[in-house]
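Once you've looked at the hints, dock chain B against the given chain A.
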Amino acid sequence: MVGLIVVACIKVRLVILHFMEIKEAPLLLRGVLEVWVVGVGVMLVVMYKV
Amino acid sequence: MWIFVIGDMAIFAVLFAVFLHYRALDVATFQLGSASTNQVLGALNTVLLLTSSWLVAGAVKLSRGTPTPAVPRLFGGAMLCGTAFGVVKVIEYTEKIGEGISVWTNDFFMFYFVLTSVHFLHVVIGIGFLGFLVFRTRSLVLADNDRSTIEAGGVYWHMVDLLWIVLFVLLYLAV
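Protein sequences appear in the order of chains A and B. Quick note on numbering: the numbering used here labels position 22 of the first sequence as 28, and the sequence is numbered without any gaps. Quick note on numbering: the numbering used here labels position 84 of the second sequence as 426, and the sequence is numbered without any gaps.
Same shape as in the complex, but just chain A (with noise of 0.2 angstroms):
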């Protein structure tokens, strides 16, 4: 499930950087979206019990 987290995480940023293009956006930007991701994965990983 941690796997499938990561792998989750790692689309998650491809759509981030790619599809909404914020490999080319201010750095404030990809900053407070690059914490969402791991953030949110993060938290999942942590929150998740098996």
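Don't take each hint at face value.
[What the hints assert, rightly or not] Each computed DSS-like pair below joins lysine-lysine, with the alpha-carbon atoms no more than 27 angstroms apart: (1) Lys29/A with Lys17/A; (2) Lys403/B with Lys29/A; (3) Lys17/A with Lys431/B; (4) Lys431/B with Lys29/A; (5) Lys55/A with Lys438/B; (6) Lys55/A with Lys17/A.
Simulated from the structure, these hints should not be mistaken for laboratory data. Every value quoted in this text rests on a predicted model; they were computed, and no experiment measured them.
Relative to the frame of chain A, chain B by itself:
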């Protein structure tokens, strides 16, 4: 639009946390619930939204150059994918309700129906937005505020796509 999108993403992050909190209180029910979801339809919906996002990204990029009829066609294609997502969702809900499962069945299904309906509402709004973009980009003459509307529509649709990626894992795959 970015302020709305970031706010909406923050709200969904809280919803994900709330879901996982309640899941931790009754893991067995949630595992059974996830196992009983239609993972094939869930995966199909993921593919549909990713495809539609790819089409939208293409349309937005093309719209910055010389006006071309490809732009409304790409937005139209994305709308079709979004509509197909809706059809699949209705099939899924019908399947569940046919099995006697509803939002009142247990905590897992309360989250399943509420989270997917809220997301589906976003999809429906997005389809409307895409329809408007098809209409505007057909004219082949784009004003400045058309360009920012196109960018906003693209960003909103990608948000809808990425939220589903997380929902799919949490609701369908967390067995």
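Structure-inconsistent hints, enumerated in ascending order:
Result: hint 4 breaks, nothing else.
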